[in-house]
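**Student:** Once you've looked at the hints, go ahead and assemble the two chains, each given alone in its own frame, into the complex.
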Amino acid sequence: AQTVTQSQPEMSVQEAETVTLSCTYDTSESDYYLFWYKQPPSRQMILVIRQEAYKQQNATENRFSVNFQKAAKSFSLKISDSQLGDAAMYFCAYRSAHGNQFYFGTGTSLTVIP
Amino acid sequence: DARVTQTPRHKVTEMGQEVTMRCQPILGHNTVFWYRQTMMQGLELLAYFRNRAPLDDSGMPKDRFSAEMPDATLATLKIQPSEPRDSAVYFCASGLVTGEGMNTEAFFGQGTRLTVV
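Going line by line, the protein sequences match chains V and R.
Under the working numbering, the first residue of the first sequence is numbered 1, with each subsequent residue one higher.
Under the working numbering, the first residue of the second sequence is numbered 1, with each subsequent residue one higher.
Don't read these hints as lab results, they were simulated from the structure.
There may be inaccurate statements among the hints.
Just a few of them, taken from the derived set where beta-carbon distance is under 7 Å, the chain V residues facing chain R [stated by the list, open to error]:
1) L47
2) Y54
3) K78
4) F102
5) T106
Glycine included, C-beta positions come from ideal geometry on N, C-alpha and C.
Excised from the complex, chain R in its bound form (with noise of 0.2 Å):
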């Protein structure tokens, strides 16, 4: 059964500490996106990739976030300082681009639920 798998599906920390939440797309998709949910903003885009490399991370804050893919298999999303205005549920979606457009839906992950405190 292929799956989005997210890591760690809850996380409290404290304000100004480190956080890595990471995704593991699925296998022979080729494009990853990250999205930030809220109450106040809904379903908003942080960034997202394809064949590993970012195409748009203009929905992320540059001075405290940072996505990547080091492998085909592993996407992360790392906030550093986190604030509590951060505390959001973050999901990641995978899907498969052909030719000119995604061939596919977006397959989401479960998402992390993030807490800062």
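So here's chain V without its partners, still in its complex pose (with noise of 0.2 Å):
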């Protein structure tokens, strides 16, 4: 089974600043999609924003954005002018084009400080 790790277990960072979130993931399937999942205190999973592996342009969404790095594996999330609603665990997932499982990493922990 593909593995998505996560090795920041808490970040934080200052009203206004920009926070990295790291993502790593081991397949060896080489068309997949990767999300960045949000959940604030309320539970609800939000998706923040996806990737395509065949697409080589990082997606970006408003303030957030990845930088994705296939040969490395590496899916990191990069969040800009952070707000206080930005406060929340951010899961990194995988999925496989040719299937329907999601495979999530075990979450970062974001405060935002005023």
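**Tutor:** Okay, here's the thing in structure tokens:
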């Protein structure tokens, strides 16, 4: 089975600053999708951003962007101009393009300091 | 606003009791997942369905857990009898599969927080 590793259990960032959350994964497949989900205290899992492995261009959604390094199997999330509402658990996830199951990392708890 | 709806949001029950959690997937989605989230294990896949048929339930303890989809608008996860170690947050998620794989991400409900005392 594929594994997803998030090596930072906790991170903190000053409001308005930039923070990068790390994620690495292990797979022998060439076609897959990667995701970052946000889980605020409300527990709702919210999709932040997705990346198709066949696309070389890094995905961007407003203040959220990724650094996708396919050869290194690395998929980091950068949050720019951090806001208090960004405080949450962030989960990196992998899904094969030919399968349905999602594999999740153990999460990174992000604190935003006013 | 399409969303996955789970009920109840919270459930406290005594050990040995039956627990039923319900999920209404997003209309038109044909794949439903059940995940369990604990501090120790993170997010674990329990089972998933496509077009109401179970595709994989290998992550589910078969002796006490059961998952069904009586119809396309309802998925259920049942625990009988419940045990304290079942205390966790249970998430339902849905997605749309066409062709060889899923062409959307999984959309999650807000989860059911289960406490077994």
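**Student:** Next, verify each hint and record whether it holds.
**Tutor:** Against the structure, the hints come out as follows:
no., hint, in the structure
1, L47, "holds (5 Å)"
2, Y54, "violated (13 Å)"
3, K78, "violated (20 Å)"
4, F102, "holds (6 Å)"
5, T106, "holds (5 Å)"
Hint compliance for this structure: hints 2 and 3 are not met, and every other hint is.
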